[in-house]
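2 protein chains.
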Amino acid sequence: MLGNKVSRQKPCHHCKSRSASAPPDTSTIHYEKFWLYRHCSSVQQRNRQAQKAGQLFSGLLAMNVVFLGSAFISSVIFNHVAITLADVWILLSILKLLCLCWIIYYLLGTSRQPHAVLYRDSHAGPIWIRGSVLLFGSFSILLNAFQIGYSAILIQCKTRVEILFPSIEILFICTQAFLLWNHSKDCIQVQHNFTRCGLMLTIATNLILWLLAVTNDTIHMEIDSQLREVEQRFAGNETTSCTCPNTTICKVFQKGYILLYPFSTEYCLVCCSVLYVMWKNVGRHISHHHVPHIKPKFKLHGVVFGPLLGTAAVIIGICVFMMYQIQATSSAPNLQVFVMYYSYYIVLLPLMSVGAVIGTIIHALEKKELDTLKNPTRSLDVILLMGAALGQIGMSYFSIVAIVATDPKDLLNSLILSYSVLLIFQNITQNVFIIDGLHRQPFVAATDARHTGHAGKHAVASELPGEEETTTSNKQEHTQISPDTEEEVKEEQNHEAYDQRRVSMLELGQEIQKLSLSYLHSYSHLNWKRRALREISFFLVLCNIILWVMPTFGAHPVFENGLEKSFYGYSTWFAIVNFGLPLGVFYRMHSVGGLLEVYMTA
Amino acid sequence: MLGNKVSRQKPCHHCKSRSASAPPDTSTIHYEKFWLYRHCSSVQQRNRQAQKAGQLFSGLLAMNVVFLGSAFISSVIFNHVAITLADVWILLSILKLLCLCWIIYYLLGTSRQPHAVLYRDSHAGPIWIRGSVLLFGSFSILLNAFQIGYSAILIQCKTRVEILFPSIEILFICTQAFLLWNHSKDCIQVQHNFTRCGLMLTIATNLILWLLAVTNDTIHMEIDSQLREVEQRFAGNETTSCTCPNTTICKVFQKGYILLYPFSTEYCLVCCSVLYVMWKNVGRHISHHHVPHIKPKFKLHGVVFGPLLGTAAVIIGICVFMMYQIQATSSAPNLQVFVMYYSYYIVLLPLMSVGAVIGTIIHALEKKELDTLKNPTRSLDVILLMGAALGQIGMSYFSIVAIVATDPKDLLNSLILSYSVLLIFQNITQNVFIIDGLHRQPFVAATDARHTGHAGKHAVASELPGEEETTTSNKQEHTQISPDTEEEVKEEQNHEAYDQRRVSMLELGQEIQKLSLSYLHSYSHLNWKRRALREISFFLVLCNIILWVMPTFGAHPVFENGLEKSFYGYSTWFAIVNFGLPLGVFYRMHSVGGLLEVYMTA
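Protein chains in written order, with the numbering used here: chain B, 1 to 602; chain C, 603 to 1204.
There's no promise every hint is true.
[Stated by the list, open to error] What follows is a set of in silico ranges between Cβ atoms, one per label pair, in the way DEER data are often shown:
#1 B:Asp-87 - C:Val-941: 27 to 33 Å
#2 C:Ile-679 - B:Ala-152: 19 to 25 Å
#3 C:Gly-733 - B:Asn-182: 53 to 59 Å
#4 B:Phe-78 - C:Gln-715: 44 to 50 Å
#5 C:Ala-1177 - B:Gly-387: 19 to 25 Å
#6 C:Phe-659 - B:Asp-87: 45 to 51 Å
#7 C:Val-763 - B:Ser-566: 26 to 32 Å
Don't read these hints as lab results, they were simulated from the structure. Built from N, CA and C at the ideal position, the CB exists for glycine as well.
If we strip away everything but chain B, and leave its shape as in the complex, we get (with noise of 0.2 Å):
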């Protein structure tokens, strides 16, 4: 239904009729009102601020279930006797209903409206963020079969509502994926406070959702009594006797919930950061001037060292963290895997920050020009880049004034100092390479180009200037020898004037061969560059998914090694710990996704 608008639209681009610069489509375009702003003099100024109150007024009813949401989970840690974590589900189920109900609606009524959708933006919503909320979503169900599995084993010293809870739970999970999978590029142009309203209480409860993972994650240090104590919680005190039988599929059940744990984390953020977009997208209104945009593949071939120093960095990851896990698990983790796993860090970020320095100054040395088009999700994607990289940063100045503050000579302290040190180095370059690799446009090569026609024409011509600045020694040349990109753009006016050229066979053959020789010329010249590039955010993705999986798995030396638990006192350094460790994975994991486009791009 969907994909029939959007293709109905699609051949009204073509028209020559229209000029480009007009708005499309104006009578089937819905503007935004509200009563406050009804005496504005244009349509598109009380456009802007129906649009402005609209997301103020949203914002609003989010923050307002956001502070709920924070003091009921609050209350559950501070004072579990007067609130029980059955209450704050209790609360989490209604909101899930809620939010259900409007998911539904918007799926079989809003967007099924006439005019619903006229624009969908190519940038919301990329396969790699669509691919990571269908992953983790199918963990986070999968976790909560397991959880219901586990209490239908135990259902003689459980209510029946602890089976209840995880139903809605994968009935919002799937709900929710389905929503982001096909609706996350939506620019929705009706209902649009509804629509906000909706989504920023999807959004308020996926925050939630996190802030009880986060939280429950304290239970996460100690990890085999972990779900004893959950459902010491859940129940009060009456079923302390409750254990797992010796059954192979209670101990699934349970080992499957400790390892599954981590994603149902990363999901409730990454469907927050997508509905974030959306709501954004809410009432925007796309030029169709900048809509064909040429979406660069992804491809493995020129790059050599950045896979295969990737590849060694993953390796030696895994047997760090191998080791690390069977140290930490089986008894109290001695000085010398500390010291391996500081190492290990020691020796990679250095390499990674210069990676990244080095990918700068090729960015500054590339005479490419940049993308200055309005996009929110880049805008959130830097956002969320700088925003996720605090809790790393946080983390390691803390754990500097604490070694600096007591002993900064023996070595697990120097160790963890230069780890410190680094890290924050190492987080700095990687956000500013990724930012800046973020606004370039992308490398579209000739042969591309013109394959692509009309759609892509608008990106070439927006990309001459830079390239032609290349070459400015041997213009006359370039002149001479590429008249045919030039031609494309002027085709309408001198048409005539091209087929009279187009019969001297002769001619052209030469031209062919002249223009080949520059294209193979100009490839060979930039080629270092961008291979450089792509070797260089090739190996930034592999390190980062290494140094993603270990804190997410379970690696938490900051906590284990007991240096600034004792200088800060356990309490505070474990609420520094419990901020700043899950941002730093979603930090990983989304560094990822931005060098994986800065890669396709370069």
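With the hints as your guide, set chain C onto chain B.
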């Protein structure tokens, strides 16, 4: 010197030879450059990218400094053996000296360079903000003078460093206040990145000072032992015997220190907001098109009920506050005083909410144009209002959950519950009212506009469409009656026709009579709305002042009633209050500023 430049600039604005839409003085504008973006095709684009990069890097600098400072302060709080308050003071003194160097360089170097300040942002640094910088600055200086005096009296058990630190602080406050008083409107056009880094360093220093003051506010709860505690922390354990000798001057110093303390907290926040606007304005080009902005003046005539009701609220509030303070400081506060305190709020808050709602409705009824020009000061105002409100709203939600979970039927508890709910509602309605009011164009009476002559012409012209809408029914008559306004717009073109008409004195007399009649008619038509807006905003200003004074000078029933403290535990509730209360105080102060602006533009 600076004034010179601006006045040299001014006559050029009135030159008739230059078209108004062309950017002025293109030869003197220093466009920004950044090595990362050398290859942009257009100067404007390169300038914008360089601006973004400069903001990113200076922001990163501030972030690192703030994190380092926070880590230091946290260490002092949680481990004051390893890191003492003296270490934090040393760090802060270094930062302050760096800021001082930059400020002096800015005052003597940067701002005196040729073409350094081509534009001044008329919205930045309004008089009430600069006034509060001076006011709070002087109080902070007094505070530090008291501290020096106190240290000088107890010189036998204090180091000389304790006189040095407040001296540096006084120097810093003076220089910063001078900078903000004279240069808060600057849009600096030279040495962009250096200026940005300097500004960000100063902001970071102020933020750390604020953080320190807020965490030192811990001690504020036990007011009388505050100073002793600070001393103990400062000097370690050796000076426990150092107490104030029973001289009057020592007692004055001690009391003055306690009374003035809250103002230094506010000073830091106000400076941060002004410096942030300066930072946003670095490298900004304002087209002279909308520079001539008519400043509405503060006039008191025409408002009666607002001031009366507001004054009553202030007087009752002061009485309640005094009784509360006497009770709270003399003994453990009893139930009665809390009931009185909360009842006062429960009566006042609904009145304020109703006022704000009515004001918003009147805004909607009024046929006024919206001011949608780019305005960093206003954007910051909106963000600060929303952000600062979060403190109180968050605290209220925590209170609500705590009360609902314990016993909402108890008298005091039900009072606190309604207080919390009303506070949330009041904050939100007031924010909507202020934000909406800030976006309305100031009302300019026709006569006022005529006096201001050339400068006001654009503002009047842009206001006309909205005005005309109100009198659509008698449009024919309108154009006949007041050709004066329209002629003014076309003055240059048909000056001769105007002269010709001027000779027939009889006609003119009739016209003037008709004009004044129609003016009176339109004035009385608009009057009730404008008057109601002014009454409401004046009332809200006075209410916010009293709600600002009470927590600033020490009435903290949220902490002293003991309900939430026992529910969440001492340390948790303490953290929440420590975060929420200063923000709440800042919110009230900022609301006063915003409401004054709404009052003046109504």
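44 to 50 Å as the expected CB spacing between Gln-715 of chain C and Phe-78 of chain B, which holds or is violated = violated, 56 Å
Hint says 45 to 51 Å; check whether the CB-CB distance for Phe-659 of chain C and Asp-87 of chain B agrees.
-> For Phe-659 of chain C and Asp-87 of chain B the Cβ distance comes to about 47 Å; the hint holds.
Between Asp-87 of chain B and Val-941 of chain C, is the Cβ distance one that fits in 27 to 33 Å?
-> holds, 29 Å
Whether the CB-CB distance between Ala-1177 of chain C and Gly-387 of chain B falls inside 19 to 25 Å | The hint (19 to 25 Å, Cβ to Cβ) holds, given that Ala-1177 of chain C and Gly-387 of chain B are roughly 22 Å apart.
Is the hinted range of 19 to 25 Å satisfied by the C-beta distance from Ile-679 of chain C to Ala-152 of chain B?
-> violated, 48 Å
Lying within 53 to 59 Å: is that true of the beta-carbon distance Gly-733 of chain C to Asn-182 of chain B?
-> holds, 56 Å
CB of Val-763 of chain C to CB of Ser-566 of chain B, is that within 26 to 32 Å?
-> holds, 30 Å
Checked against the numbered hints above, the structure breaks hints 2, 4 and satisfies the rest.
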